[in-house]
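*Asks:* Taken in order, these protein sequences are the chains called A and B. Per this note's numbering, the first sequence starts with residue -6, numbered consecutively. Per this note's numbering, the second sequence starts with residue 42, numbered consecutively.
Heads up, a few of these hints could be off.
Claimed, not checked - Straight line, CA to CA, 27 Å or less: simulated DSS-like cross-link-like pairs of lysine-lysine:
no. : chain 1 : residue 1 : chain 2 : residue 2
1   : A       : Lys116    : A       : Lys179
2   : B       : Lys216    : A       : Lys130
3   : B       : Lys216    : A       : Lys154
What the hints assert, rightly or not - Quick look at which bits of chain A chain B covers, simulated, 3 or more residues with Cβ under 8 Å:
no. : segment
4   : 21 to 30
5   : 91 to 103
6   : 261 to 269
Simulated from the structure, these hints should not be mistaken for lab results. Where is the CB? At the ideal position from N, CA and C, for every residue including glycine.
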Amino acid sequence: MRAELLAYLRTFFAEQSVLEVDPPSLATTSVTDLNIASIKAQMGRTSGYLQTSPEFFMKRMLASGLGDIYYLGKAFRDAEQGSRHNPEFTLLEWYRVGCDEYQLMAEVESLICGAFNRLINSKLIVARTSYGDCFEKSLQLDPHTASLESLQITAVNQGYKEWANETRANCLDLLFSEVVEPSLPKGLLFIYDYPACQAALAQTYKDEKGRLVSRRFEAFLDAVELANGYFELRDAQQQSQRFNEDIILRKRAKKPVMAIDRNLDQAMQAGLPSCSGVALGVDRLLMRLCGVSSINEVLAFPWERC
Amino acid sequence: MGNYSTNEFRSGLKVMLDGDPCSILDNEFVKPGKGQAFNRVKLRNLKTGRVLEKTFKSGESIEGADVLDMDMQYLYNDGDFWYFMEPDTFEQHQATETAVGDTQLWLKEQDTCMVTLYNGSPLSVTPPIHVELEIVETDPGLRGDTAQGGSKPAKLVTGATVKVPLFLDQGDVIKVDTRTGEYQGRAKD
């Protein structure tokens, strides 16, 4: 099934004239994200990091004018292991020049529905909703405008009393994972307009209600997080500001401080074309296609046996 | 006792939670791709037996509990306490009625039980899965009436009452499953 799925994915992109690229898995720098830990690799006296995603290299390629590109290969994240996580996993990441996040969501939908149709001859129910709407439906609270205090109180009321002093992003993650996610419908669900504090590298804008939200979306398959996409931030200055904020948060959380990727910064200053990009967990898609609930069942050698 | 970080959590680990010793039953790693990682943990409070769920931020650590499971021989009950002995050191431990709980219904002298020690004193006692106990009180046996498969209550030497087939009599020794309190068969001598 894995071989069939990989072949299907490559055919899908070949038909769309999206170019396969092969960026490095090992580099001198890595992401600054507070919640993504890179695995350090030692090479003689120098060290590098196994890449948590090919995003930075792919953006350098986009800035150099390569056009629509995709990567299908391995990514690595430290300390992620569980029924849906393995430290080494297969990632599909692609960028579409001149597309916004809605056009990209449509492409994600046709890719996933195509896989279900081709590989297991089955159909999926597809729906879309905004982060604000599904959060409010479960918790009767507007995640964009609620005060930090009311989010903390809600978290505590859910029975997590140590959460009274957590940050906005952590309270939202907790409430979303513990309360909203279990209530999501079956099938393929796109959730868009993520909170501005969780924009990562997506652009932000004011929605129709005047709330600042990020142009970020996620795809959930049977309530399991499957893909994460952005209408990409292009402002080099804003990006380096976000990286610097990450570093402050890392220092505060006593996590290793990551150096900012200067090559990416230069590429951003030279100019990233207007584009959207998305990363999809291939192992999770495979789990659903095979009807299994543990990632170990779709890996030939899960970490415990490596 | 040292502290345990969430990445050391596994089922069977004994930790302190809100001042009570707990045993981890289940530990699930939850992480939104870009977000904070959690450990959703199911624990059993070893004092009350209640099962609770709790979500920790990954990387947090909690205090370990000085809890030890040990096989011991049941000696006797003096009316206030139940006495158990470590088979290797012959050291004796006295367990309170709260610690023994319903297990007292299955305790026969010299049987080996699992005693859970917390800070050195018995917190709970788990009886062997199967025990052999003598019937001390039941209606007279009815020979030849076994085809109906009927049953009657029988009081055992430890005070427990179990349902037994009609043909059994006072003085018979039977085998009981302590998890369900059900009759398993006659003890073979």
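*Asks:* Against each hint, give a clear statement of whether it holds in the structure.
*Replies:* Okay, the hints, checked on the actual structure:
1. Taken as a hint, the Lys116 of chain A and Lys179 of chain A pair is honoured in the structure, with Cα atoms around 12 Å apart against an allowance of 27 Å.
2. Of the supplied pair hints, the one linking Lys216 of chain B and Lys130 of chain A is violated, its CA atoms being roughly 56 Å apart against a limit of 27 Å.
3. Restraint check for Lys216 of chain B and Lys154 of chain A: the C-alpha separation of about 47 Å exceeds 27 Å, so the hint is violated.
4. Given as covered by chain B, the segment 21 to 30 of chain A passes the check, having 3 residues with a CB less than 8 Å from a CB of that chain where 3 are the minimum.
5. As drawn, the segment 91 to 103 of chain A meets chain B at 0 residues by the rule of a beta-carbon pair under 8 Å; below three, the given contact is violated.
6. Counting residues of the segment 261 to 269 of chain A whose CB falls under 8 Å from any CB of chain B gives 0; the rule of at least 3 is not met.
Comparing the model with each earlier hint shows violations of hints 2, 3, 5 and 6; every other hint is respected.
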